[in-house]
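Student: Each chain, letter by letter, is given below.
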Amino acid sequence: MESIISISDLGKTYASGLTALSDINLDIHRGEIFALLGPNGAGKTTLISIICGIVTPSAGTVSVDGHDILTDYRATRSKIGLVPQELATATFESVWAQMEFSRGLFGKPPNPSFLEQVLRDLSLWDKRDAKIMTLSGGMKRRVLIAKALAHEPQILFLDEPTAGVDVELRHGMWEMVRALRASGVTIILTTHYIEEAEEMADRIGVINEGKLGVVEDKNVLMNKLGKKQLTLTLQYPLELIPTELAGHPLELASDGHALVYTFDAQQEHTGIAELLRQLDQHGIGFKDLHSSESSLEEIFVNLVSEKA
Amino acid sequence: MNLHGIRAIYLFEMARTWRTLMQSVASPILSTALYFVVFGAAIGSRVGEIDGISYASFIIPGLLMLSLLSESISNASFGIYFPKFSGTIYEVLSAPVSPLEVVIGYVGAAASKSVILGLLILATARLFVDYEIAHPLLMVSFLLLTAITFSLFGFIIGLWADDFQKLQIIPMMVIMPLTFLGGAFYSISMLPPFWQKVTLFNPVVYLISGFRWSFYGVADVNISISVSMILVFMLLCLTTIWWIFKTGYRLKN
Ligand SMILES: Nc1ncnc2c1ncn2[C@@H]1O[C@H](COP(=O)(O)OP(=O)(O)OP(=O)(O)O)[C@@H](O)[C@H]1O
Ligand SMILES: [Mg+2]
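Protein chains in written order, with our numbering: chain A, 1 to 308; chain B, 1 to 253.
Heads up, incomplete: computed chain B residues facing chain A, CB under 7 Å, no partners named:
#, residue
1, Asn2
2, His4
3, Gly5
4, Arg7
5, Phe12
6, Ser86
7, Gly87
8, Tyr90
9, Leu93
10, Ala95
11, Pro96
12, Gly248
13, Lys252
14, Asn253
Just so you know, the hints here were simulated from the structure itself, not pulled from any lab data. Bear in mind that the values here come from a model prediction, so they are computed numbers and not experimental data. Note that beta-carbon positions come from the ideal geometry of N, C-alpha and C, so glycine has one too.
All chains should be modelled from the sequences, with the hints used to inform the complete structure.
Tutor: This is how it looks when you write it as structure tokens:
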């Protein structure tokens, strides 16, 4: 995989003395959707802000498409679009004026038809003459996305793009992000909606207290860390788990009508065959069975609490 | 050079002026007109001539300087302070624009506004007084230099200020008094000898005096000193801004 952003030994200590990031090493692959997960204050926004040029790093280097973000900032910044976490939209300008401003600021010649397309894609075309102040929160967020796309960036940072966006719009936004990736844009997003990362990301990085933990392909991460559960619906309810089965990680559920077996999906020997044989031996019949995987959210909570 | 970027900032800032036309243009013109009525017509008729110039004409360069200084400072300081305050500055910081380009965009717009305003005030003055401009070229150069220099100064204040009070305090507490005591309404030769010496420490004296020379060919101090003063101040502002951007002071964490 060719990397488009290369972060090495990056660290940030704010003037307050707080170390927000330390020893970050990360490569973002060209064309992928990368989700950065972590609890509040983990350092996600700080990391993004450094790459975009808003915060100066205390240590380490970042290169974007082979250009250093400090010495060659014109090259790196013109490739990047940023949708910030905070809704900084206390402005009197119209949506259209803001779009023209953003495009020009990033060094691109005017292109009204392109800007129109961006606004249409984000269902903002009707609002082009509206003052930004008068828009709803969700619309403002979309304006920020439109502004970030106004200069046709190759890399898009979305810092919690769907915070405060209703379900329907969120799905619309996911569509848009996928379409962008299909057109070759690399996307890095942060989110607190695990569902979102699970839905969209190709790879996931977990950051906590300024340190990058796991960075993994989403599916691999889910396989590796995901626990599977096998639920057996019993023919006759049990009061207790028979002592003969005590060696298995079993739990009773649904008032004794179901038996839940938890196992590691990645393990070759899941122990299921063994379990079923023993059930048969002890005459415990079941009428149904199904297995389920834990969600990324559960994985994520596990990761964070293990570290803490 | 990111010319599109400079243009975007410049046009964006100018658009703000047209949107707030009443506040940014009409009100300074109105207050200048009031000065003419009060000082020029009412009081001026009792004062008589200074250096062979009617009092109403005498105060024109000073009044113009007064508006020029305060408008340049407030335009430029607000222009950069507001995005910092509202958070929209992130976009400029993340854009492929150099500090110089940012300064050209913001300061250029603020200075343009001041120059336009200055010319409008001059036109307004014409309604009240007949005046001549002895050295038009020098007058325009002075106008431009002052507008640019004090827009730079305002830009620094806007970068430095982290609340609205700080934004106002220097124009209110420093610039206003210095301008009023800078000989806008009198010739410093009218002061007692001791105060004539003290007043020479006021940089605004050199501005007003030089500007008046470009109108009427008379001045309290030598014109070349006036021109050097403004150039030195401009250089000082540029150096300060360069330092601010180099260190990221109050702009980046
Ligand atoms: N300008 C600043 N000055 C000092 N400390 C800061 C500054 N900005 C952020 N921090 C601190 O750095 C740490 C990381 O903050 P950051 O905003 O990067 O977290 P985050 O992962 O984006 O959190 P969230 O999910 O809440 O957005 C926090 O402890 C925060 O208080
Ligand atoms: Mg954040």
